[in-house]
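We have chain D; now place chain X onto it with these hints.
Protein sequence lines correspond, in order, to chains D and X. The opening position of the first sequence corresponds to residue 1 in this note's numbering, with each subsequent residue numbered one higher. The opening position of the second sequence corresponds to residue 772 in this note's numbering, with each subsequent residue numbered one higher.
Calculated directly from the structure, the hints in this document are not laboratory data. For clarity, every value in this text was computed on a predicted model and none was experimentally measured. All the pointers check out, no bait thrown in.
With a straight-line Cα cutoff of 30 Å, these simulated BS3-like cross-link-like pairs (lysine-lysine) come out:
#1 D:621 <-> D:410
#2 X:945 <-> X:896
#3 D:416 <-> X:1188
#4 D:476 <-> D:486
#5 D:2 <-> X:858
#6 D:621 <-> X:865
#7 D:486 <-> D:576
#8 D:683 <-> X:1028
#9 D:406 <-> D:367
#10 D:530 <-> D:576
#11 D:416 <-> X:1193
#12 X:1103 <-> X:995
#13 X:945 <-> D:486
#14 X:932 <-> X:955
#15 D:416 <-> X:1156
#16 D:621 <-> X:896
#17 D:725 <-> X:1188
#18 D:484 <-> D:701
#19 D:101 <-> X:799
Stretch by stretch, here's where chain X covers chain D in the computed footprint (C-beta under 8 Å, at least three residues):
#20 463 to 473
#21 676 to 685
All C-beta atoms, glycine included, are put in the ideal place defined by N, C-alpha and C.
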Amino acid sequence: MKNIDSYTHTRGESIYVDDLPILGGTLYGVIFDSPIAHAKIINLDISQAKKMPGVKYIITYKDIPGENQIGGIFPDEPALAEAEVHFRGQPVAMILANTEKQGREALDKILFEYEELPVIVDPREAASKGEIIGPVRTFRLGSIDTAWNQCVHIFEGEAYTNGQEHLYIEGQGAYAFPVENGSIRVVSSTQGPTQVQRGVARVLGLAMHKVEVDVRRLGGGFGGKEDQATPFAVLASIGAFISNKPVKLVISREEDMRMTGKRHPYSSDFKIGLDENYKIIAYQADYYQNAGASADLSPAVLERTLFHGTNTYFVPNIKISATSCRTNLPPNTAFRGFGGPQGMFVIEAAITKASEALGIDRAIIQKSNLLQEGQEFSYGQIIEGCEAQSTWNQAEKDFEIEAIRKRVKKFNINNKYLKKGISFMPICFGISFTNTPMNHARALVHVYQDGSVGASTGAVEMGQGVNTKMLQVVSKTFSLSPDKIKIETTNTTRVANTSPTAASAGADLNGKALQIACNSIKDRLLSFIKKHYNVKDLNDIKFEDEWVYIENKKTELNWEKLISNAFLARIQLSEKGHYATPRIKFNKTTEKGHPFAYHVYGTAITEITLDCIRGTYVIDKVSIVHDFGKSMNPIIDKGQVEGGLVQGIGWLTMEELSYNDEGLLLSSALSTYKVPDVFSAPKEILIKFLETENPNLAILKSKAVGEPPLMYGIGSHFAITDAIKAFNPNAIGLFHAPMTHERVLLALYDDNKNQNGNVIINNRIEKTHKQ
Amino acid sequence: MTRFILNDELVETNLPKGMVLADFIRYKQSLTGTKLGCREGDCGACTILVGSLDDNGLNYESVTSCLMPLGNAKDKHIVSVEGLNIKGLNVPQKAITDHGGTQCGFCTPGFVVSLCGFALSDKAKNQEQGTLSIAGNICRCTGYKSIERAIGTIVDSLVDKDDVRPIEWLVSKKFLPDYFNTIKERLDEFKNESQKTNILNTESVFVGGGTDLYVQRPEEMFDKQIIHTLHHSDLKGIWKDKGRCHIGASVTTEELKQSTVIKELCPQTDQFFNLISSLQIRNMATIAGNLVNASPIGDLAIFFLALNSNIVLNDNGALREIPLNQFFQGYKTLDKKENEFVQEINYLLPTSSYLFNFEKVSKRTYLDIASVNSAICLHFDEQCKISMAHISAGGLAPVPKYLLETSKFLIGKLPNKSILDKSIEIAQSEVAPIGDVRGSVRYKRLLFRQLLTAHYMKFFPELYNC
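For reference, chain D alone in the conformation it holds in the complex:
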């Protein structure tokens, strides 16, 4: 089934926040944000700005009616700065004006005096100064201290992955409306309607029931609107509350890029030990996460780095520790993969380091250590339904790896300045919020008396096709044509206390809740039919193509008639459903448990061609065997794999966030921060569906697919470095991502390296030209 939104999408008729019709009296919010990364505020003078034409209000923290606090995990983030600012782009004040233009023209008139404080942008520096958020977390398995003695080969090194801008094409925004009795209605581009509701209630000093949050859809989220849509919805709501006028706040791309957090950069140390058969005996890693100026979701992201620290490999002795480091950058946040990709990159680097030193193909080490059924993860969960080996083996076979290797070898012999590189990237990704209490959801279904159905869930549509999947659940349960079903907006008054649509779990959690609700209605309808048509056994009644079948015979009763009769018989045709993932638990003291409902596996083979004169590359082909479970929607699921892969490739190749020592984002626009275009995507993406019949807790056995494919993109890094080594065998230890054209060219020709073999590039630039 196609994405149900594609009709309105292609016709330009889908509505996003900025497309809502403007209500009379609407004021436009413009944010005055900190021009300095760390400072004490001496004076904030808004008097001149207030006199500007069209300016109605200028709101500072002093005007906040409730608590000036929007921190999610820890209360460490004010909605508007008070005594200090902690990053460039931090909201300090909001101008409300008759037009956005008038608001912007008043920005310059705000006088902001401050006393500079020391700026930290590097996570290791933050850690050394004690600037850490929450406890250092450590996962352990076996006995790391004694394990090193059993290793024949031990290697150590450093790895670095940069952050990543979400670049949802629809930027952050909200439109807030005052409602009678001091209530507020907010239309927000958020993945977490309840987060917004809670945030607005707290800041306005209201009970949650006075705040209604409505979400139709997002023009992309990728994690960037899980926690960070909240500040903008909160500011719009403060404006609406104070002015008693509708307030629209839609920020520009450049504001979005400088004000909001991104994927966390990580700087990590690793140590890996192998036996003579290349079995990994011991693995140790220390991750330094660059959290930015406040906690946001960083502690949760940090945790997932540990959960995926050994990727899809079994290691009997593990000690991995992670530190969340507070710096003066915008608070970094959720991004597809949620810390998992950063953890996986480090062990892939460690394996590469070992293979370079041992002079063997890294695939040999990878393959020798793939997970097997019944083994244990560092966090105590026992592996069930393992597809690590099966996806790897099928990839080798179906994609004819030996032929690829031969072809690459031959090509590299025949070409002096063009080199090909290949890599394997196997993945294993756990599905569930690692914070167990978040793994539940609700749904509300109305069957209207004409037989049409309206369904609401807590899931937010952001392009991943969750609404299409929800519709399929209803359609399948009732045997009803899709055109009789409507998926409503995600609204806190219809479905309360939602978890954000995140962790790839949106379809599972909400789909199961929806299934429960539909089944309850269906059960009542079956009982009604049994009673009124004297059917002996409930099991003799079937719904098929909108008709009722009794004992496999089509009756005169179609869906509409059934509903109409049931309604007249006063049968309840509305229902809610509630689902909580069974089995899962995790103890943060022992760092052991069973945090995931299940895991998703897969293996990707990446082939690239490198131009060794120019230092540029083309991704020729990525071939993937992916564990879909039993895909309920192959078109949508394939789209998730392709899209996730290309986003992962972007993170590891061209997407380079660049902050200077003063915490100024230099790559603050699309002209300086490049995401993949059509030509940067692999020329070919081949996806094989590994259909598994293993029991799993996924909706209709169709496994979660949002995040896992992003990590196939890590393969691009190691395919590029593979090709670099074919030209310059000394270019080893290239574990600094992204592999931009700059890093590639320097690796090809520059022998000026540090001891780890990392090419050090000065990211900190004094001067810039706006070109």
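Here is chain X on its own, set in the frame of chain D:
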């Protein structure tokens, strides 16, 4: 007043001509299918079509409406995604839907418009050209493969396209709504009424395509008195005269790309121009704009420096011609008076045998500003000695750099490896790059060496064993 046809309706507005068209379409006409994703022409979500009458009839070009001043819509047919809707889905819309080419949907209208533009264009109907038509559209969700598959379907539907009556054909095949059949006539009426204006400077700012000005200072442009040069017939055209090629200041980059004289220059010019911005930008960006912007890394500046071009400036009718390499005086400073506007550039058409090449490397290969770019033109005498050399490079100095010493050094030399190596050494002494977001100093110098090497490898493969 600005008058044009927006989709099927006549629009007459007194809003400032400097307002960007995307804002007009979205917020004044409530046509919200045109999305704003970046306001700098880099995402393509705001792509619209601009239909104009010219000697060949009615032609449509895709442009990013976030960089297009309202004044440039004068007498045009402006088409937003809503203006492409028919009953049900049109062919590109259906292809995108069928192949799962839309996820969050925010970028989708831009893709639909670009692909309808492709259907309308006279470009070859193949996968490659279809893909080039969306070079300026960014999608963050799909990974593009589903969109490429949709392009395949669209291309298949276009194989029988009637090139004599393209619009009628496209209407009949459900690419376009039927009102498109009336547009030519309606634009013709404008043409009859239009009066030619003279370019006179009165405290105003010259705007060509606007693709740089609206990235750099959009707020300022809103209220400015604007002299729109883009469609001024005196500044259009590419012609040969007395051994020189003349290019009007308002010739767009895409017009340049399509022109015979540029295609004749060397077989790869089409590829070179693909590396310059995107189709949507090239359709608006003028040669004068790229030069006057004075970016040290302007692609066209580098291109035409290597052709040893002259630039002609016009001050209320008084013309002044200077070598292009003297036009750039320092960082963002030009040998140009306030009153002057660019009339044309021209260069000597090669008579002897010559080789020309252009190289560019940026963070992203397409639609990106270069880290370093370079162009070279070498002429040879009958003994295969270099009789004339012009080399330029961008991103290495405060100005687009003409490598005078390097060029001089090569003249009279018979190319061999040591001569070429020496020339690279000299070239390095002529530049002084600074580190910025496009690359460190070390990288830019290394890349510069490599791009010069790339020129030489293309010209003299035998010297490099390749």
